[in-house]
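Peer 1: First to last, the sequence lines map onto chains X and F.
Everything in the first sequence is counted per the numbering used here, starting at 1 for the first residue and increasing by one.
Everything in the second sequence is counted per the numbering used here, starting at 1 for the first residue and increasing by one.
If you're looking for bench data, these hints aren't it; they were derived computationally from the structure.
Where a beta carbon is used, it is the ideal one built from N, C-alpha and C, also for glycine.
It cannot be assumed that every hint is accurate.
Facing chain X, according to a computed beta carbon distance under 8 Å, are these residues of chain F, among others [as the list claims (entries may be wrong)]: (1) W162; (2) R300; (3) A313; (4) L317; (5) I320; (6) D336; (7) S347.
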Amino acid sequence: MNDFQRQMTGIPASGKMSDTEFDPIEGATLLSLFFGLGKTLRLVGHDNDTFKNQIGKFWERFELVAEGADKLTIKIVTGRLFINENLCRTALKSEVVLEAIERWNALAIGGIEISFQPETTGLATLFQILNQTSGVETSEEIQNKLVRADVSGIRLLSTAEVEEGTGLPEEDRTHMRRQARSVFFQSMRAISESTSQILAGREGNIRQTKQVVHSLVDQLMVEDSSLLELTAIKDYDDYTFAHSVNVCIYSLAIGVNLQMDHRRLSQLGFSALFHDIGKTKLPSDVVKKPGAFDNEDWIMMQRHPSLGAKMLLKNFPISAHTVRGALTAFEHHINIDGTGYPRRRELRGLNLFSRIVTIADTYDALTSGRIYIKQQISPIEVIRKMFYQMDQKFDQLLLKVFINSIGLFPAGSLLLLSNDQVAIVEKIHPDQPGLPVVRVIGDRTGVRQTAKLVDLAAAESAEVHIKRFLNPQTCNIDLKYFVLNDLPVE
Amino acid sequence: MQTNENQPTPGGGLVRTPVSNRTEFTPGAGESPASFVLETPVVERLTQDLDKAVKAICLYPPANPICASATERFAEQLLGALILCGKLTLGVAPDAFTYQDKPLKAVNAEGTQLPGLCYASGITEFCFDSHLTSEGIGVLLGILRKVITRAEGDMDLSEALWGETIPGFSYVKLVDLPFTDYEAEIRSQYFSQQNPGARPGSLPGNERDPDANPGYLSGDESAPAFAQIFVDESFTEVEDPNGPCAQSFERIVTTLSDDGAADDAQANDTLGDGSPAAPAPGAREMLQMVYELDEDESQRAALALARDGDFAAADELVNIAGDLLDLEEHLSGIIDVMAVFTRAHGSILSSGNFTTATRLIKLLGAVRERCEKNYPLWKEKISETVSAICSRERLRSIIDALNNNPNVSAADLTTYLAEFDWKALSAISELLGELEHRDHRSALCEFLAGADKQHVDLISKGIYDKRWYVVRNTAMILANNNDKRAHKHLLKALEHEDHRVRLEVVKSAASHDADFVRQVAFIGVRDENEELQNMSLELALQQSGQNAFELFSALVNEIGLDRLPPNVTEKALLGYSLSGKDKAIPYLVKLAGSWGVFSRTLQKFRRAAIRALNSNPSDGATAALKKLCGSWNNDIRQAAREAFSERMSKSDQ
Numbered sequence: 001m002n003d004f005q006r007q008m009t010g011i012p013a014s015g016k017m018s019d020t021e022f023d024p025i026e027g028a029t030l031l032s033l034f035f036g037l038g039k040t041l042r043l044v045g046h047d048n049d050t051f052k053n054q055i056g057k058f059w060e061r062f063e064l065v066a067e068g069a070d071k072l073t074i075k076i077v078t079g080r081l082f083i084n085e086n087l088c089r090t091a092l093k094s095e096v097v098l099e100a101i102e103r104w105n106a107l108a109i110g111g112i113e114i115s116f117q118p119e120t121t122g123l124a125t126l127f128q129i130l131n132q133t134s135g136v137e138t139s140e141e142i143q144n145k146l147v148r149a150d151v152s153g154i155r156l157l158s159t160a161e162v163e164e165g166t167g168l169p170e171e172d173r174t175h176m177r178r179q180a181r182s183v184f185f186q187s188m189r190a191i192s193e194s195t196s197q198i199l200a201g202r203e204g205n206i207r208q209t210k211q212v213v214h215s216l217v218d219q220l221m222v223e224d225s226s227l228l229e230l231t232a233i234k235d236y237d238d239y240t241f242a243h244s245v246n247v248c249i250y251s252l253a254i255g256v257n258l259q260m261d262h263r264r265l266s267q268l269g270f271s272a273l274f275h276d277i278g279k280t281k282l283p284s285d286v287v288k289k290p291g292a293f294d295n296e297d298w299i300m301m302q303r304h305p306s307l308g309a310k311m312l313l314k315n316f317p318i319s320a321h322t323v324r325g326a327l328t329a330f331e332h333h334i335n336i337d338g339t340g341y342p343r344r345r346e347l348r349g350l351n352l353f354s355r356i357v358t359i360a361d362t363y364d365a366l367t368s369g370r371i372y373i374k375q376q377i378s379p380i381e382v383i384r385k386m387f388y389q390m391d392q393k394f395d396q397l398l399l400k401v402f403i404n405s406i407g408l409f410p411a412g413s414l415l416l417l418s419n420d421q422v423a424i425v426e427k428i429h430p431d432q433p434g435l436p437v438v439r440v441i442g443d444r445t446g447v448r449q450t451a452k453l454v455d456l457a458a459a460e461s462a463e464v465h466i467k468r469f470l471n472p473q474t475c476n477i478d479l480k481y482f483v484l485n486d487l488p489v490e
Numbered sequence: 001m002q003t004n005e006n007q008p009t010p011g012g013g014l015v016r017t018p019v020s021n022r023t024e025f026t027p028g029a030g031e032s033p034a035s036f037v038l039e040t041p042v043v044e045r046l047t048q049d050l051d052k053a054v055k056a057i058c059l060y061p062p063a064n065p066i067c068a069s070a071t072e073r074f075a076e077q078l079l080g081a082l083i084l085c086g087k088l089t090l091g092v093a094p095d096a097f098t099y100q101d102k103p104l105k106a107v108n109a110e111g112t113q114l115p116g117l118c119y120a121s122g123i124t125e126f127c128f129d130s131h132l133t134s135e136g137i138g139v140l141l142g143i144l145r146k147v148i149t150r151a152e153g154d155m156d157l158s159e160a161l162w163g164e165t166i167p168g169f170s171y172v173k174l175v176d177l178p179f180t181d182y183e184a185e186i187r188s189q190y191f192s193q194q195n196p197g198a199r200p201g202s203l204p205g206n207e208r209d210p211d212a213n214p215g216y217l218s219g220d221e222s223a224p225a226f227a228q229i230f231v232d233e234s235f236t237e238v239e240d241p242n243g244p245c246a247q248s249f250e251r252i253v254t255t256l257s258d259d260g261a262a263d264d265a266q267a268n269d270t271l272g273d274g275s276p277a278a279p280a281p282g283a284r285e286m287l288q289m290v291y292e293l294d295e296d297e298s299q300r301a302a303l304a305l306a307r308d309g310d311f312a313a314a315d316e317l318v319n320i321a322g323d324l325l326d327l328e329e330h331l332s333g334i335i336d337v338m339a340v341f342t343r344a345h346g347s348i349l350s351s352g353n354f355t356t357a358t359r360l361i362k363l364l365g366a367v368r369e370r371c372e373k374n375y376p377l378w379k380e381k382i383s384e385t386v387s388a389i390c391s392r393e394r395l396r397s398i399i400d401a402l403n404n405n406p407n408v409s410a411a412d413l414t415t416y417l418a419e420f421d422w423k424a425l426s427a428i429s430e431l432l433g434e435l436e437h438r439d440h441r442s443a444l445c446e447f448l449a450g451a452d453k454q455h456v457d458l459i460s461k462g463i464y465d466k467r468w469y470v471v472r473n474t475a476m477i478l479a480n481n482n483d484k485r486a487h488k489h490l491l492k493a494l495e496h497e498d499h500r501v502r503l504e505v506v507k508s509a510a511s512h513d514a515d516f517v518r519q520v521a522f523i524g525v526r527d528e529n530e531e532l533q534n535m536s537l538e539l540a541l542q543q544s545g546q547n548a549f550e551l552f553s554a555l556v557n558e559i560g561l562d563r564l565p566p567n568v569t570e571k572a573l574l575g576y577s578l579s580g581k582d583k584a585i586p587y588l589v590k591l592a593g594s595w596g597v598f599s600r601t602l603q604k605f606r607r608a609a610i611r612a613l614n615s616n617p618s619d620g621a622t623a624a625l626k627k628l629c630g631s632w633n634n635d636i637r638q639a640a641r642e643a644f645s646e647r648m649s650k651s652d653q
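Start from the sequences and build out the full structure, keeping to the hints where you can.
Peer 2: In structure tokens form, the structure reads like this:
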């Protein structure tokens with residue numbers, strides 16, 4: 001960019017990114033425009049006005065997103081898109097972008113560095129080369145072609161180059177985690193307040209509840225690991241509300257994975273948040289009974305779905321949210337084969353939300369070891385039980401989507417690695433579910449003062465594998481200390 | 001997508017939280033100039049244009065030119081303004097938009113109440129900037145339309161905007177719950193200070209002081225708790241006898257990183273049957289199988305999602321209410337469920353869904369029948385609920401539902417009303433004065449007319465209503481009811497000061513017995529309203545031969561011609577002549593030939609009597625006219641000759 005252009009656009013000469021907050025919407029638009037160039041070029045050719053206009057728009061958006069910088073990086077890290085270091089999940093809704101990701105993965109291109117140069121030739125050449133390239137060429141070979149074609153200001157990054165590290169710089173990760181915690185506990189507070197209001201005979205605050213659900217959805221869409229990690233904490237003084245929020249998060253994760261629209265996600269989150277509200281009407285000594293339930297306890301417990309449905313219909317303004325919520329509260333213990341409780345006069349198919357919440361509820365109940373089976377079970381064993389032993393109870397397809405959403409080693413799980421290191425799962429790779437990114441917190445010498453991020457999918461970790469899950473309770477490890485605090489990362 | 005800027009607020013309370021794709025306009029950084037500040041009248045006109053555009057798209061179909069022109073005008077004005085100023089921020093107060101903290105005038109008092117709508121959903125500010133496009137404006141207006149017309153139920157504006165991407169548009173909303181400073185608050189709220197699961201002091205705050213950290217952070221190798229990790233077997237997978245599949249999967253967990261076939265073969269030995277089993281799938285294949293959705297599964301997932309899109313909240317509400325009712329075992333529970341039914345009914349009705357509301361009441365009816373023998377108290381409660389639904393106190397909800405939903409069909413309305421027993425008739429008849437749409441009114445009248453005749457008295461209350469149209473409709477219903485008990489109410493209506501009520505009674509009296517018709521006609525012909533007089537005579541004429549003649553005879557003889565209004569007299573004589581034929585002739589001849597001092601009052605009817613004779617088709621009438629042509633009285637003779645000549649010429653034709 002020359003001085004004249006800078007003066008006209010107001011971009012500082014330093015080219016450094018400003019501190020202004022990244023806008024994911026603008027980012028998504030930029031990505032759609034960028035990846036759309038390839039498709040447009042295939043259809044109309046590089047001399048066509050449509051293509052030229054699209055390039056013009058791309059540069060306009062570039063300036064906006066770069067916020068004064070003259071260089072911008074687009075990365076694809078384990079199926080996620082980043083602009084510089086900012087995650088841009090919304091872009092994944094675009095088919096053009098998804099197609100391009102697939103193509104770039106096949107070519108082992110992990111990203112691209114683009115300098116601001118508002119003209120058409122460079123990008124046109126890039127996409128011409130990409131469109132003509134067969135699957136066997138590497139990103140380096142393509143880069144060489146670009147150099148030979150005199151294209152400057154564009155540098156392709158290989159997958160390996162991009163996937164070094166974990167995609168998110170520590171600052172952003174800390175910010176995400178803080179935000180996730182804030183949203184999580186805000187949700188706990190919202191459901192606790194609404195429940196108190198309802199128990200006092202007043203109307204629940206549906207607006208507040210929707211707000212927290214929307215925040216949860218927004219958070220899940222931007223970065224899900226930080227929220228999922230919080231669901232691993234099971235030792236709250238009163239687990240009731242934490243359980244509701246956990247179930248809400250798991251259900252929303254399924255909903256997001258199923259690509260539900262926002263409206264349905266809002267209803268699903270609301271339904272999941274209040275699925276167990278009926279329990280608040282039962283004597284707490286039964287609900288929180290430390291030992292196994294006797295017959296009378298079971299009879300009482302079996303009333304909570306209908307109590308919940310009634311509470312929702314009586315204490316919230318009747319809307320699609322409340323009807324969905326009531327139906328989910330009523331059905332969440334009815335199994336897919338019609339068994340379970342409460343028993344209906346006539347068998348009807350279960351509502352999609354109920355089937356989702358049933359899975360999320362069972363998973364959280366079993367992993368917490370507080371309900372039904374009074375013993376904490378590792379996530380993977382829970383999944384195994386749900387998949388093979390309880391297969392008549394759940395919608396197997398949704399269960400798969402659920403496993404797909406949280407992974408076999410869900411974020412927040414405490415693991416013992418084959419090298420005797422103790423680690424907490426930080427996040428899963430969508431394409432390598434068995435090899436998550438973990439935060440090593442200790443080894444045989446004891447717990448570390450600082451955490452170390454290890455990507456088990458990375459080449460240097462090839463020798464390390466997961467030995468087994470650890471039970472934080474029996475190992476006397478205070479998991480919440482590590483989840484709720486941001487230990488410095490090496 | 002909205003992104004909430006989470007600001008810890010130590011003080012709590014309401015905070016203003018920027019939401020959505022907000023783009024701060026930086027002078028010089030974008031392509032739009034920013035120094036220009038719009039004047040208040042310009043912004044005022046913009047909001048008025050917005051108001052008009054919203055009104056238009058809510059009232060007219062999108063293809064309508066009014067709609068298109070209002071939208072275009074607003075878009076043109078707003079985009080033009082944004083070219084000048086770069087960014088426009090509008091505040092939202094409960095009753096007006098504000099600009100630079102001053103309220104803007106609305107287009108008129110009956111605007112769309114857009115500010116109120118925004119404010120109610122928690123929105124306090126709208127921002128438009130130069131990235132806004134006309135497509136974006138279209139999307140925004142579409143959302144406003146959806147919310148105002150309740151196209152998607154009771155969604156509020158901020159909920160509708162959530163998740164939408166409109167470049168160049170953002171909004172700010174109030175957040176009921178501040179994002180808490182979890183570091184300080186959460187621990188005390190959700191965790192014991194001494195966590196039973198961990199050693200004392202294991203809940204430090206954010207401090208990084210190693211002394212304050214729990215023992216296992218100290219790096220002390222001998223710390224017994226940490227050493228426990230390496231001997232902890234609580235999560236070690238236990239062999240499960242539930243079949244090879246489960247065991248294979250279990251092995252994946254423990255040998256996740258081992259792909260070797262040898263390991264798999266070894267694992268097969270643990271299946272327990274001692275026989276050489278087929279090799280278990282490799283760990284990664286198995287993982288893949290569990291983890292990934294194949295094409296068929298992806299399609300099924302999409303199908304499940306699509307099916308869920310058809311979720312009919314109202315129908316499901318009825319289903320769940322029915323389920324709850326089925327499960328109840330105690331009277332207290334029934335009372336609770338009845339409260340649910342009442343709320344459900346109100347909600348379903350407010351959306352104008354009379355079909356589902358009918359289903360809900362039918363459901364109650366079915367359960368009530370089942371309770372007939374063994375649960376009389378339950379039955380009573382259910383009956384009370386149904387009665388309450390259509391009671392005078394709740395009538396407003398039915399009225400609003402019908403007035404707000406003109407598309408409710410007559411059939412749906414009458415089917416719904418039919419679900420209530422006779423006790424509701426009194427309340428239902430009150431609807432007569434409240435319904436705004438003609439189709440609903442006529443459906444209601446039809447329904448009430450067909451209602452049980454035993455309860456005429458309940459419906460007839462409307463006759464004594466102050467509103468003329470209620471009386472008229474009630475009269476119509478009672479008249480159509482065709483029951484003798486309605487007669488006294490109808491005769492009362494015939495005294496109503498508004499002629500439209502009286503007309504209705506006369507108009508609909510024809511199907512009643514002769515005695516009633518006679519009473520109505522007697523009153524009607526003497527009414528001051530000419531239309532009503534004529535209609536009463538018509539009514540008399542519509543009677544069968546003998547009845548008609550008797551009625552006209554009575555009119556002529558009992559009331560007396562001189563007591564009838566002058567314009568009615570001729571028609572009365574005409575009716576008398578037509579209905580009586582030969583029997584009418586003597587009186588008409590007498591009337592036509594009347595002269596002298598003693599019959600002076602009758603003389604003014606001579607010509608009318610002659611014309612009535614002329615209209616009588618009988619031969620006797622011809623003979624009578626002929627005779628009158630020879631009358632010595634000039635006036636009689638002339639009138640009779642004219643009539644006779646006219647009669648002859650007609651017969652020649």
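Peer 1: Compare the structure with each hint and give your call.
Peer 2: Hint check:
1. W162: Interface hint status for W162/F: holds (5 Å vs cutoff 8 Å).
2. R300: This interface hint holds because 6 Å falls under the 8 Å limit.
3. A313: holds (4 Å)
4. L317: This interface hint holds because 5 Å falls under the 8 Å limit.
5. I320: holds (5 Å)
6. D336: holds (6 Å)
7. S347: Holds. Min distance 4 Å.
Consistency with the previously given hints is maintained throughout, with no hint failing.
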